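Dock chain R against chain Y, hints included.
If you read the sequences in order, they're chains Y and R. Those letters in the first sequence? Residues 915 to 1211, by my numbering. Those letters in the second sequence? Residues 442 to 618, by my numbering.
Cβ-Cβ distance ranges computed for the label pairs, FRET-style: (1) Y/1159 / R/592: 22 to 32 Å; (2) Y/991 / R/576: 50 to 60 Å; (3) R/576 / Y/1108: 26 to 36 Å; (4) R/580 / Y/1153: 26 to 36 Å; (5) R/580 / Y/969: 39 to 49 Å.
No more than 25 Å apart at the CA atoms, straight line, and that leaves these computed lysine to any residue pairs for SDA-like: (6) Y/1092 / R/585; (7) Y/1092 / Y/1133; (8) Y/1092 / R/594; (9) Y/1092 / R/589; (10) Y/1167 / R/586; (11) R/485 / Y/966.
Don't read these hints as lab results, they were simulated from the structure. Keep in mind the model is a prediction, meaning the values are calculated, not measured. Positions of the beta carbon are idealized from the N, C-alpha and C atoms, including for glycine.
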Amino acid sequence: MVAIPSRHKSLVLLAGIILLQVLLLAVQIKRDSQGRLIRVWTVGAVSPFERAGSSGFGWIRGIWRHYFALQNTTKENEQLRRDNDVLKLQIAQLQGKAEEADRLAALLNFRQSHADVPMIGARVIGTSPGTASLTIELDRGERDGIRRNMGVITPDGVIGKVIEAFPNTSQVLLLTDKESGVGAMLADSRIQSPAGGLGEPLLSMKYVPNDDTVNLGDRVITSGMDRIFPRDLPVGTIAEIKPGNPFKQIRIKPAANLERLEEVLVLLSLHPLEMKNEQSPAGAQPAAPNPSPAARR
Amino acid sequence: MNDAFDIRGGETHIEVHKFRAGAIIIATLLSLVIQTWTPVHISKAALLDLPLLVTIYFGLSRRNPSTGLLLGMAIGLTQDSLSGPTVPLGLYGIAKTVIGYLASSIGARLDTEHPAARFALTALFFVVHQGLIVLTRRILLAQPEPWFNMHLAVAALVNAIVAVFLFLLLDRLRKRS
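Just chain Y, same shape as in the assembly (with noise of 0.2 Å):
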């Protein structure tokens, strides 16, 4: 057998490694993505310190704010004044806003205005470690009644969908990622076309042909034929338009600030479209899974 110079064994050990990587990828690349268990195993592992590193952040946070930052109180409470007397004006303007302000409230008020619609709030302890990838981790898991493919949203808008359902803990694919996507339509012209991730900000629209009109600032929401989300969930606006071949090159604004969540709703079903519609007055029951105690709070 050959002997390998002791200089060398570092570089064979090197090519022997990636190898096994690659092999390791092809493996995954051949198979549907399931859940695996050294993912299991890892996130299990890590979860508790984002859960205690969280805490911790919030503890430095809290006696940051609540005993550092009063030296600067006596400033803060004559800015606050002069604050106070702006927001005064503003109440006045806003009270011309009301009726608006109602319409909006419905979909703020998502959670009583689909009752139907079983949903659980959950709080967001972590993010992908890397940017290959965006996603969240949410404290809920398996055990609250949370599966694969569940969709999530916020009171301001779809936020994206559960890819990995550990035991305590979930991962959700962010609507911005390049591999998301949800069934969308225009909500004035009511014009149909699946929105998706760029890895960037804002999200695109790809079908829309050229001949239809779209505007800017033209409002997104949901069309329900994802079987994930159920209609008329804000999207998002149309914040670029450019012409195409055969289609516009449409970009939209996420509506849910998704660079800064805390806390999200997960629908507690796997199909909320079939729910609503399909629903029949005698005791139909919804489709999730199992929805624990904490799903019905």
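For chain R alone, coordinates are given in the frame of chain Y:
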């Protein structure tokens, strides 16, 4: 390998540093945890790649290519695991394995203790790391990715600056020779 020793070649000598028990594991875990939850509160923190900085630091300090690449592999695979099923296991693993090897190999030949050297090397390694990820995505996963953009340049600069201070902090974990 319990004490520090010198690699002597010609007139130069480069010290191989040893660390307190568990220091590497704890620093690695901390980097991963901080990397996952910091962007929840500070969105700009997503620019940082703390696991990469830790890989570079221990590679440069330990100066053993075998341990450097193994540490890089472990950190990379853990990062893959935490990134969700859309990121295949091995994407970060391959990139960080190579970076661990390169950092250890360069660390064994150059004095990398000076902040300027650390700044330059970290920026270089960051760009190489991103290049490897793009290469893997393009060749193995058939996913189109841009080779370079301004975001990458800014991220390389930010990571290099953070590395200078982070490495000073990590220096405190070294055993005294």
